[in-house]
Amino acid sequence: MQPSMRRPLHSCGRRVSSLPQASSDWFTAGQTTIEERLALEPNTNRARNVILLNADGNGVATNYALRLFAGQQAGGLGDDHVLPHETFPHMALVKTYTVNGQTPDSAPTASAMLTGVKSKNTMINVSEEVAVSDCANLPGNELTTLTQIADEMGKSVGVISTARLTHATPAAAYAVTVNRNWEDDSAVPEDCTAQVDIAQQLLMGMESGLIDLAMGGGRRHFVPAGTTSEEGNEGSRTDGRNLIEEMEALGAQYVWNDETFSDLSDLGNAPIIGLFEDSHMMYEHDRTGEPSLAEMTAAAITALSTNEEGYFLSIEGGRVDHANHAGNLHRVLTDGVAFAEAVQMAIDMTDDSETLIIVTADHEHAIAMNGYCGRGSDITGLCMGINNEGVENTGEPNLASDGKPYTVVGYLNGAGSVLIEQEDGTYSGERPEVTNEDAMDPDYLQQALVPMSSETHSGADVAAYAHGPYAHLLGGTIEQNVIFHVMHHAMTAE
Amino acid sequence: MQKLTRRSLLSLMPAAPLALTLPGRLHAQDAPIKLRDLYNRDMSFSDIALANEGARVTIAGFMAPPLKAESDFFVLTKMPMAVCPFCEPGTPWPDDILAVYTKRIVNVVPFNVPLETTGVLELGEYIDPELGFYSEVRLTDATYGRA
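Residue numbers (the numbering used here), protein chains in the order written: chain A, 1 to 494; chain B, 1 to 147.
Incorrect hints may appear among the rest.
[Stated by the list, open to error] Interface residues of chain A toward chain B, partial, derived using beta-carbon atoms under 7 Å:
#1 T288
#2 A326
#3 E421
#4 D443
#5 S454
[Claimed, not checked] Stretch by stretch, here's where chain A covers chain B in the computed footprint (C-beta under 8 Å, at least three residues):
#6 32-43
#7 69-80
#8 111-118
[Unchecked claim] Pulled from the structure, derived: some chain B residues nowhere near chain A, Cβ distances all over 10 Å:
#9 I48
#10 V106
#11 Y126
#12 P129
I should point out that these hints are in silico values taken from the structure, not numbers from a laboratory. Built from N, CA and C at the ideal position, the CB exists for glycine as well.
Take the sequences, apply the hints, and build the full model.
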């Protein structure tokens with residue numbers, strides 16, 4: 001530009017209203033977002049209540065797929081949908097690696113969030129000094145949990161999961177174990193005297209007053225072998241004890257299906273134990289005869305709210321993870337929607353002036369998205385072409401170099417591998433042809449690369465979203481154990 | 001291909017059982033029955049299952065890793081039976097499976113290869129005297145092949 005043609009420089013920049021794009025809806029929405037963030041004021045009330053919602057395996061990529069699925073189910077294109085937790089003003093990216101795992105499992109991740117320190121894979125609420133399954137070295141290495149601190153403050157404590165209550169995430173609310181698989185006494189080595197099995201620790205938690213409400217699956221771990229539960233399956237305990245009956249003897253209300261759940265007469269009269277399946281509760285897609293995660297959330301908040309000192313409530317959508325392991329995106333996302341409905345239930349039933357809600361995941365999976373897909377491509381379906389003359393996709397699937405269409409979402413490994421074991425033990429194959437209808441079938445497994453019987457977790461980041469007291473302490477990229485410190489600060493702030 | 005739903009399949013069904021109205025074995029129907037279509041949501045038998053009891057039908061699914069070598073038995077699952085170390089120590093069977101008793105010794109097919117299995121549909125509780133395997137629905141005298 002010639003010097004004579006230079007315009008005067010304005011140190012304060014142009015007024016946005018003078019920009020040619022200023023009348024665009026995108027532009028005005030962006031301005032509104034800035035105004036909302038400028039108006040944000042930190043909430044420095046002490047948190048009377050803390051709710052930690054964890055969708056197991058719902059990392060950033062899985063949550064992206066969930067956003068599109070929920071939006072498309074609502075009739076939109078999906079991308080612009082806002083999940084309940086995505087309305088929260090504060091969030092952070094969370095690093096989920098563990099002391100010995102670049103890729104974590106759900107035991108040390110739950111421990112990190114409830115104890116404030118990272119530990120080793122497979123163990124729950126145990127110091128990193130101890131080796132996995134090293135029962136003898138457990139004494140002195142047990143970690144104190146946020147639930148214990150809450151209990152000491154006079155708060156009630158509840159734990160809900162669609163997985164077994166003895167599974168890693170819910171167990172972290174009440175158990176200390178050098179091996180997450182020791183869910184009942186049949187799995188604990190005979191020479192281990194420093195701890196009891198996880199199910200028995202839930203009984204002990206109820207007996208001591210630590211746990212006031214627990215709802216989920218896993219009934220078989222509470223019932224002795226040789227006896228059958230309400231649903232006709234055999235228990236797996238070998239010590240002959242029926243922990244459900246022992247809980248009832250403590251005064252617990254026991255519910256085991258949707259009918260008995262709806263008959264819960266006095267939600268303020270803890271303890272309450274709900275065991276709705278012998279193993280995990282059903283996937284949301286298949287659910288029958290069991291309460292939803294949102295229904296359990298509502299019951300728990302109603303029950304725990306009767307304590308004037310407040311409560312801590314751990315809620316897990318446990319089967320987002322399992323469906324990812326299966327490589328079955330449809331059930332990942334239908335369980336994800338059920339989780340989102342539980343988040344909305346928690347938001348609706350609480351006051352953010354006194355209740356801190358954190359929504360997160362414990363880890364991500366080996367899930368990935370293909371491109372370049374046009375708007376409105378079904379998230380469980382094929383990647384359709386981008387429409388150069390409009391908004392919504394062309395309706396024609398993009399083709400890969402092999403001339404075949406491909407789905408929006410794939411997995412890096414798992415049962416959907418296109419490499420199939422041959423009779424000589426080698427693996428080979430090619431991508432099957434797939435239609436949009438095939439891919440959107442609820443039982444379809446997205447194509448994967450590395451052949452494995454179960455798709456794996458990954459070490460990729462998850463997000464944590466928060467609103468309520470001290471939610472603003474979540475920000476930037478944090479270690480997973482920081483979540484404990486946010487909750488603890490909010491609960492104890494002067 | 002038109003999606004085969006329970007409703008659309010019922011609409012294809014004349015008074016006589018479907019599989020008996022057509023010749024042939026592997027492709028006796030227009031499309032194989034999906035394993036999930038044998039059950040209602042409450043896990044009771046569907047109308048399709050009840051209508052085809054005793055008939056020779058073809059059902060789509062996957063072969064679960066066999067319980068025993070050199071056997072004439074395998075379990076058909078609606079999805080590949082992924083074994084997740086963090087989901088199911090002890091790995092209980094899903095509710096919606098199909099026990100398959102084959103004509104010949106089973107030639108094992110990898111767990112994630114789609115199959116079409118044809119046999120006589122039997123309903124009702126049965127405990128395998130040798131394996132102790134409990135089933136509520138079975139295909140007997142069955143053959144199978146890759147879909």
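Verification of the supplied hints:
no.	hint	verdict
1	T288	holds (5 Å)
2	A326	holds (5 Å)
3	E421	holds (4 Å)
4	D443	holds (5 Å)
5	S454	holds (4 Å)
6	32-43	holds (count 5)
7	69-80	holds (count 3)
8	111-118	holds (count 3)
9	I48	holds (16 Å)
10	V106	holds (14 Å)
11	Y126	holds (16 Å)
12	P129	holds (19 Å)
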